[in-house]
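Enquirer: In case you want the letters, here they are:
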Amino acid sequence: MDLVSAVLDGILLGGLYALFGAGLSLIFGVMRLVNIAHGDLIVLSAFIALVLTAHLGVHPLVSLVLVVPLMTLLGYGLQRGVFNRTLGDDILPPLLASFGVSVFLQNALLKIFSADSQRLHAGNLETLRVDLPGGMAVGVLPCLMFFVAVFVICGLQLLLYHTQLGRAFRSISDDQETAQLMGINNAHLFGLAMALSLAIVSIAGVFLGIRTNFDPSIGPTRLIFAFEAIIIGGLGNLWGTLVGGVILGVAQTLGARINPGYQILAGHIVFLTILTLRPQGFFQRTR
Amino acid sequence: MREAVCIERGSRISRFFAAFGLLILVLLITAPFYGGRSDLYLLVEIFSYLALASLWNLLAGYTGLVSIGQQAFVGLGGYTLFALTIFFGLPPLLAVLIAGPVAAVLAIPTAWVIFRLRGAYFAIGTWVVAEVYRLIFAQVSALGGGSGTSLPTQIIQSIAPTRAARDNLIYWTGLGLIVAVFAVIYLTLRLRWGLALTAIRDSEPAAESVGVDNYRTKFLIYFLTAGATGSVGALISLQKLRISPDAAFSVNDWTAFVIFIVVIGGIGRMEGPLIGTIVFFLLREFFASLGPWYLMLLGAFAVVITLTMPKGIAGLLAERFDLQLFPLRRRVHFLEQKSKDSTSSASADALERPGKRQKPGVSTKNME
Numbered sequence: 395m396d397l398v399s400a401v402l403d404g405i406l407l408g409g410l411y412a413l414f415g416a417g418l419s420l421i422f423g424v425m426r427l428v429n430i431a432h433g434d435l436i437v438l439s440a441f442i443a444l445v446l447t448a449h450l451g452v453h454p455l456v457s458l459v460l461v462v463p464l465m466t467l468l469g470y471g472l473q474r475g476v477f478n479r480t481l482g483d484d485i486l487p488p489l490l491a492s493f494g495v496s497v498f499l500q501n502a503l504l505k506i507f508s509a510d511s512q513r514l515h516a517g518n519l520e521t522l523r524v525d526l527p528g529g530m531a532v533g534v535l536p537c538l539m540f541f542v543a544v545f546v547i548c549g550l551q552l553l554l555y556h557t558q559l560g561r562a563f564r565s566i567s568d569d570q571e572t573a574q575l576m577g578i579n580n581a582h583l584f585g586l587a588m589a590l591s592l593a594i595v596s597i598a599g600v601f602l603g604i605r606t607n608f609d610p611s612i613g614p615t616r617l618i619f620a621f622e623a624i625i626i627g628g629l630g631n632l633w634g635t636l637v638g639g640v641i642l643g644v645a646q647t648l649g650a651r652i653n654p655g656y657q658i659l660a661g662h663i664v665f666l667t668i669l670t671l672r673p674q675g676f677f678q679r680t681r
Numbered sequence: 182m183r184e185a186v187c188i189e190r191g192s193r194i195s196r197f198f199a200a201f202g203l204l205i206l207v208l209l210i211t212a213p214f215y216g217g218r219s220d221l222y223l224l225v226e227i228f229s230y231l232a233l234a235s236l237w238n239l240l241a242g243y244t245g246l247v248s249i250g251q252q253a254f255v256g257l258g259g260y261t262l263f264a265l266t267i268f269f270g271l272p273p274l275l276a277v278l279i280a281g282p283v284a285a286v287l288a289i290p291t292a293w294v295i296f297r298l299r300g301a302y303f304a305i306g307t308w309v310v311a312e313v314y315r316l317i318f319a320q321v322s323a324l325g326g327g328s329g330t331s332l333p334t335q336i337i338q339s340i341a342p343t344r345a346a347r348d349n350l351i352y353w354t355g356l357g358l359i360v361a362v363f364a365v366i367y368l369t370l371r372l373r374w375g376l377a378l379t380a381i382r383d384s385e386p387a388a389e390s391v392g393v394d395n396y397r398t399k400f401l402i403y404f405l406t407a408g409a410t411g412s413v414g415a416l417i418s419l420q421k422l423r424i425s426p427d428a429a430f431s432v433n434d435w436t437a438f439v440i441f442i443v444v445i446g447g448i449g450r451m452e453g454p455l456i457g458t459i460v461f462f463l464l465r466e467f468f469a470s471l472g473p474w475y476l477m478l479l480g481a482f483a484v485v486i487t488l489t490m491p492k493g494i495a496g497l498l499a500e501r502f503d504l505q506l507f508p509l510r511r512r513v514h515f516l517e518q519k520s521k522d523s524t525s526s527a528s529a530d531a532l533e534r535p536g537k538r539q540k541p542g543v544s545t546k547n548m549e
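Protein chains in written order, with my numbering: chain E, 395 to 681; chain Y, 182 to 549.
Errors might be hidden in some of the hints.
[To be verified] Stretch-level coverage of chain Y by chain E, calculated; a stretch enters the list once three of its residues show a Cβ under 8 Å from a Cβ in chain E: (1) 230-239; (2) 298-304; (3) 439-450.
[Unchecked claim] Far from chain Y, by Cβ distances over 12 Å, these chain E residues were calculated: (4) L397; (5) V428; (6) L450; (7) L467; (8) G475; (9) F498; (10) S511; (11) N518; (12) M530; (13) P614; (14) G661.
Bear in mind the hints are in silico, worked out from the structure with no lab data behind them. From the three backbone atoms N, C-alpha and C, an ideal C-beta is built for every residue, glycine too.
Only chain E is shown next, with the shape it has when bound in the complex (with noise of 0.2 Å):
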């Protein structure tokens, strides 16, 4: 029973891993651009959402309401600002600007909040457990976060093949030149795309302060986490993403019950496996 309940946890751990991925393969989706700086983005979020709790003393999940708009403005002001002007044929450019923006995030927050360890506080929330047959017990927050994930992925999906919006995305993510020619702004739709992979992000990065402690330099971790979560499931397909997390979730919480140093490692090890095994992930692109 206790296996059982170590691959539940991981599952909805599995959930805030596709948030984390979500977003990333989105923006990689429409223009080709791996952000470095991903995972500094979603603890900038959570700092974010700290200052706003200590300030308005609101719950964290309300600070949402502050938090993603923020978020969003940055993505849109850092897209044109920044990665427009690095994108091209070359991965490189992108690939430096994002790493440059990652040291500059992880710095500044150091700068400003020291290195000390923080958390979100979420009141009963935290604790709140709902008991299932057999004994066991799932939190209500790892629930909470695993149909957010879904219900984010779902919103993507909507948006993405049903709104005049999304077919814009993906016909600049089928080849930029001839969307230009039918009259798509490819900067402004590009600043857009990273706006909302920055509006998932900043949900990401509140669920992940209630969850664990973070401190500045965690960034990197959920930068390859978001990654890892993409190739298992197969790039370009949102629900592949959320299978991939759910995996890499299972994966990491099976592994430190074998012994807490191998959580992580575990993770790597089972996403190296599969890209020997199945480069191509396990769910084609969505077309």
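Could you slot chain Y onto chain E? The hints should help.
Expert: Just chain Y, lined up with the frame of chain E:
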């Protein structure tokens, strides 16, 4: 009209630079006789970063293998040195040499897995592998686990009995390493094989179509770079006398800074890492006391350089002043049969169409 073609690589500047370089080398070899202890320490640090940057430049700038996981081999080299000296009693300086091949052998399975990924995903894949090595070494309690370990005193003393002699030996090892790295990179790029690298970087299908074995070439370069990076990593840990997983496999120290150096200096040019290292250490000497502010500045600087001068300082110099320190690019000169002494330069595409020669002496085409 028949024409003879002469391909020239050097220039007056590169020959001057070669002479100047020899002078600098002599000054560096004799540095322990007039330099202070902290000067030597700083120089070894500079050599390490210069070597890492040159190797990353060979990998990413010339072959197009953008890795952000080279810290894997820095860390592996460092831990190999500690393992070889502590468990097997090998002399530390010999261990620096052996750490290279060990890292190169470990690069084989690494490459086998991550060569399945392309472009930016290859980049993050290399990082995951580096993280795997870091987490594995954090579990090795014989080498201090997560908190790391120091090199035992008797091993340090086995290098040389006095501190000054040890410093000098480590310094000369570092100097030898950087000279070897430069020599290997230079020779690689001068060979026909070197042309294959840039061909792969510029277009994989085109390279394949002219007979380059892309996979083999990339694999060999990755293997070679990993080995050299491993030796540099061993040197770094020998200089610090301490190792810990977080420091040895640090993505910021051994990859982000190295990338900044190459980009600021100029990627895809051998001068780039040299110029970038000088700029990096100047910035560090002046601003490192600012702590996080300095790193924020460095990050912002990298972004600004990427946006405003993507070819770096060396690229700017090459474009504006035709300045090239290492004779790597080929210039084609056409010698007319009638008057052999009057050398005229012409566009290199005249190679394929000898009849359509441009005005003599107007342009010299550089082929990188």
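Enquirer: Quick one: which hint numbers does this structure break? Sort them smallest to largest.
Expert: Going through the list in order, the structure violates hints 1, 5, 8, 9, 13 and 14 and respects the others.
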